[in-house]
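Enquirer: As you go down the protein sequences, you meet chains A and B in turn.
Numbering-wise (my numbering), the first sequence opens with residue 1 and increments by one.
Numbering-wise (my numbering), the second sequence opens with residue 159 and increments by one.
It is worth saying that the hints were derived from the structure and are not from the lab.
Every residue gets a Cβ at the ideal spot worked out from N, C-alpha and C, and that includes glycine.
Where hints are given, some of them may not hold.
Okay, derived cross-link-like pairs now, BS3-like style, lysine-lysine, Cα gap no bigger than 30 Å in a straight line [stated by the list, open to error]:
1. A:K114 to B:K747
2. A:K149 to B:K261
3. A:K83 to B:K162
4. B:K174 to A:K150
5. B:K815 to A:K150
6. B:K750 to A:K114
7. A:K149 to B:K174
8. B:K815 to A:K149
9. B:K188 to A:K83
10. B:K815 to A:K3
Residues of chain B clear of chain A, computed beta-carbon distances all greater than 10 Å [what the hints assert, rightly or not]:
11. V196
12. P230
13. I321
14. I798
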Amino acid sequence: MIKFTLNGRTVETDAPVTGRLLDLLRDEFELIGTKEGCGEGECGACSVFVNNLLQNSCLIPIGSIAGADIQTIEGIMETEQFKVLDESYSIAGGVQCGYCIPGMIMASDALLSKNPHPSEAEIREGISGNLCRCTGYNMIVDAINLAAKKGDGLWKRK
Amino acid sequence: MSLKDISTSVPKKDHKGKVSGQLPYISDVKLDNMVYGVLYRSPIAYGKIISIQLPNLPEGYEAVGAEHIPGPNYVKIIKEDQPIFADEWVNYIGEPILMLVGKDLNILYSLLHDVKVEFEEHQAVYNLDEAIKQESASGVMASYEFGESLENISAIEQGAHQIIEEEYETGYQEHVYLEPQGMLAIYKEDEIVVQGSMQCLYYIKNALLSALACGDDEVRVVQSPTGGGFGGKEDYPSMMACHVAVAAKVTKKSVMLVFDRSEDMEVTTKRHPAKLKYRTALDREGNILSMCVDLFLDGGANEGLSSVVLQRSLLNSAGVYKIPHFHAKGYVLKTNTVPNGAFRGFGAPQSFSGIESHIGHLSKLANIDPLEYKRKYLVKQGDLTITKGKFHDPILMEEMIDDLLYTSEYKKKKEKFQRLNQQDQRYKKGMGTSLFLHGCGFTGSGERDHIKATVKLVKSKDGKVSLNISNSDMGQGIFTTLCKIVAKELDLPYEEILYPYPDTKTVPDSGPTVASRTTMIVGKLLERAAKKLKAQWQIGVEQEVVEHYIHREMIPWDEKTFTGDAYPAYSWGVNIVEVEVDMLTGNVKLEKVYANYEVGKVIDERIMKGQIDGGLAQGLAYGYLEKMTSKQGRIQQKSISDYGPPTSLDVVSIESKVFDNPYADGPYGAKGAGELTLIGGAPAVQAAIEDALQISYQQIPITPEVIIESLWMKEGERD
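So that you can see chain B by itself, here it is in the shape it has in the complex (with noise of 0.2 Å):
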């Protein structure tokens, strides 16, 4: 198959195995000499470890711990407060203290059932509003705060003519990835290789030098096949594989450890939950004067990556609006829950809900219909961001705001549901909209400083070329759509270039599968080296390419002033929701979704609907069904019905169309696609919902509890 345009569709790489089930993902395997790893954790959310009593453990069965750790007994992320094994100190409910290890998976249950330890118990963190109270500076993880002088903006506030103050909050969001966290460490005499689920197979591989404290060449690390990672298997598998790895160290045997989904649901990484607080000032007519933002995120018990998903939230905190005299500060807490991290949108989802929430109900205040309103705002390229950088390429937003409002019919159906809700007094219908972006890539320098990505490419004698690089396909594309970028630079047919499951034996450093930066920098680097394997095409000859990354300095990133250009490039997005609410029950139901998007380039029409489904399925059930709690540190939610993520019945068939933009520093024009999709769909459910019972929230997810609350309070008021 040779591609004319990079667009058109072709054949997913992984097809044939997946739709048969015969592709092993990493459950599926099964060694001589295997056995299985559980874990004993923490019963409590704070406290010391006074003793440990370890049951009499039947031949063949093994207990692994802290003191088996070659290394620094922690998991190596950002900073180091991770323990492997927690040996002195436990920090949250499900922190694993020790792994029994053997043949026999119920042996192994009944004798965790067993082990006794003995705790002093501490008082505990157990939730934001605690921590914010607590005001204590060891509680904080990290803060930043930029933006316009407080000195300032006090003086604009005492001008205005009203100063609006509002409080949001996100819960927490759980991936729900199909394929449950597992992680193998097979044992060999000279080197461990660890086999998973995984997202980012250096993470890892760096995590498990430091923790065996090892060679280069003793630790190897493979993806297998990846059934769904959402950003919950970035950082989590990481420890898993600490776990697997030591165990296999001390036993000699190779070492399985795979999660069920109760525990998965416990003990894994989660969305953080947020509190975001507005303060507007507004002039006689209801336009913004000054705005500030404060922000507080859920670290839970370890900071993992909440510091950078912190930046992310700020970067977003003023949505895709120009305001003027913007203020931002934001702190990541400590609480003893399960830590939180990498989520598809990485703090971004948080801080849009927010901001479309408060414009929305300015716009209210103002009485302008809220798309008109949010259009007065928005950002046109030249346009500086609220960290000084600037909007440097085209935006279409107008153009997309535009195209919706026609295909969605928006005015028309807006006064034909008034018209309804009038005569209905069950069922009230609602539009709502949602505006938003996403900074492809990592945030500032960290692609140049800290990432270094390298790609390369392996020609074989008989002309096939094969992707060595570190990116997991985990369902979303990566294998189809890198290899059309490939198989279209050196006009090789499709089907001629390869690219299988990764292994740091064989593959550089291309980096993490995060922060939709495979397509724009991964994809970017791959097409560089196909052009110079093109040009230096030998025939019957094997060869090989290696292309390093080069930074495009814009205007620098200054993380300590938050300053500068925080992302190369950013996607684009407006969706409209319309739903229909029953006043008796609570219940939403979804009616019609519309989308538009502008990614720069798609590399495949497919694969990108496919990103846009599922990402606006995950992102408009954060905002109306799916909520997870926790309860004195321990989750609430541990099994999938409890939790409730949609099923094919809450989903509608959605209208989507995505606007070509191309993008000068991304394979054929192409920027980040993967986070975006979900960002828009809170918001958007949240307004129409509004729309629909003319009430105003302040939280996501707006279950039926939540509905049905706020309309008693709405008769509460009438009476």
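Excised from the complex, chain A in its bound form (with noise of 0.2 Å):
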């Protein structure tokens, strides 16, 4: 049996611990927002926080997050940081066919967790290892930029 907290609930699984993060999040806890693009930790579709951390949750076994807080889209649905991201996507004109969209919000506001206030350079490396095929990122990259404007200071560099 794994303890874990799961979007600031403490849950436990007794899935096999050589599961898949991902899987056990989708499966046993029906949070779907957590999508599949690849499998292989190449697209960040699956992207989650694992202690705070931005990581790919195809890529994590189930044995590794006994204790660890773990937060989905589902998690910070309700937060003012989603609410800006959220209308700056939709201003931005970020989101096409949504497949990589929960996992680009994950990135999005881990990116700005770390700097409030990133240049449109360091905005295309943090959201680098999260692949989108409709929108050629420049959307995006609109969207993280408004959503570090209208955040002014909801982003704290921690």
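Two chains, two frames, some hints: make the complex.
Expert: Okay, structure coming up:
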């Protein structure tokens, strides 16, 4: 039995320790916002926070999360930061097919938490682990830039 | 929200569910009584199946194969050449032979490992070069020939100063939609509901009616939120739908089939690799006297949509130019490789890369700036097309080019780059252009003869209006744009227009979501339907209006002779790209991208920008970044990083502008836009690399390996 914190609640699972965190989140906890795009840590669609660090949940064995603090898109959906990102992505037109977007939002939040006022180059670097095939990234870069401006002070350097 | 100018952007209909991740894509769906399917696929490229031996299957696990298909064993697309489950011959590595179905995926994979199939292996044809060499009639899946007679051309060539021959090659391109393919068949006593990631509901429904040999009300197709398509979910999902539907019939359970990325990359359709041969007669000054184009597409193992792709390739074989005495012929050749299919651009990107490359090289011979040389041949309104159709509408290309030259400071920068390149021995800068068009909608009389689109608007008692059409929003934004058209026409708030995910039980066949037809064709039908509804509007009453496609006859298209108006309208584009090439590593860095387009009238500026940026990113990458190969019939790139689609670090911001030129038969003047934006990327990037290195290339993608090799060759020539 493995105990960990999931979106602020203490939970436990008896799923096999060699299983993937991605499957645990999706199958056992029915958190569908974490998507599978490649299963090999290349696309970032399954991005979650593990102890506040952005990670690809497809690469994380369940055995390694004992005691960890896991946050998925569902866990940040009610935050002020998410609201700013949501609005900024809408205004900038960052969402097309949407499949990469929850992962992109996680990456955006992670970037802004580290660097509340990133330059364009820093934004590109910050989301370079998250693939998007629809937008060519520019409108996502614009969205994050806009969020940084709108959310001034919301993301404090940790 | 009321709409003053149709182009003004509005919030996207599906934004909320997507940004929170709570909108369920097909792999997010879980049902009671749902089992999974996994496919046993051919490990050999060509051969005969001798025997199939299944492992002992635990309770609740079943095998489904050709013997279970109630109807004929092929996926209905155009020809009857694609088995649902191969039962006699296999024609490519990855061809499905049978499906194992059961509750637990891990158990299914281990059972799959124990399936034993014995084959009699035959000599396969692995690539286009082998297929061309074979010259066997049975290997030709489709061919067309048209234009000036070869006799006349031969006479012109005899009087020419020079004949230039070039051979050009383009590679595979993989869609890499972020959501892998997925399909679910929901089993019910009296119907099978097939739900999944798709572009063409009625293609799938027709394939199911054939495979299941059942009545119209026994199958139903519902689109799930679709995580990108780009053509990859045009033809391929029909096969998956047949797999899950047959399995659901057999097992009386709901069956889910979802690919992981490597399976998706290895077995689903791709952009056709192509070879293009040019033979051009020139006079003393380098003017074009005649041109012959021979075009070969690698169809892969089944024809699928390849003959239609070839048509579009050929129709674009002269680019945007009026070439005197033009002749073209083209073939789709069979190889024992993964079948190739639809991909944004649909045969045009190969042709435009080829012709832009060739014309660019001719300009060097004539010692004229490529853009200046291209402009000499640019088509104008009233000119005949290469198929003796006509460019009926105004063409704004001259204006668009002038504007882009100004924005990009083309002349000044070219001179500056020349100076810099003389000083810097390692990093070389270059600038390249591309001119292109895209024929909107189906080729020829396809809309009239094959598609026959119908749309329906349904008004509820409380005055909300629903779009009942079979078109898929796969990210391109038609939920938003088509609702805007109807809202504006009815003078209703945009929020009161609804566009639920289409379900064949309630929507008529408004055609597939392909060919840059949705906004122009379906949008126009909706505009007309909305006008009709407005005229009949009654408060507090449920109402329905239906509209059918009306063909505006111009110069009738004849597929046999390849003459007439191939398209009702064209959209246009100009790209200018700046690159920096590292002579040491061969790496190409995009520095600036400029783009002007003309798509009639933009329905939503923000959505159009999304199409521009996304299409260009794919198109540019097709020219220098994305490389997929097949070796002995096996796709070599099975993961995203092996293949290399662009990341946020590969793309730069794109300076783009869209010109208004309303088209009479499009809603508010709109024409097609989705495919156009991809087409100019690769040829512009090639031209920019050539400009930087002063080397001519005969292929895309121009990867670092290609660049380094060409630099060695150049060095060798100098020694």
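Enquirer: Please go over all the hints and tell whether each is borne out by the structure.
Expert: Verification of the hints:
no., hint, verdict
1, A:K114 to B:K747, "28 Å, holds"
2, A:K149 to B:K261, "49 Å, violated"
3, A:K83 to B:K162, "28 Å, holds"
4, B:K174 to A:K150, "19 Å, holds"
5, B:K815 to A:K150, "27 Å, holds"
6, B:K750 to A:K114, "29 Å, holds"
7, A:K149 to B:K174, "21 Å, holds"
8, B:K815 to A:K149, "26 Å, holds"
9, B:K188 to A:K83, "29 Å, holds"
10, B:K815 to A:K3, "55 Å, violated"
11, V196, "15 Å, holds"
12, P230, "34 Å, holds"
13, I321, "41 Å, holds"
14, I798, "4 Å, violated"
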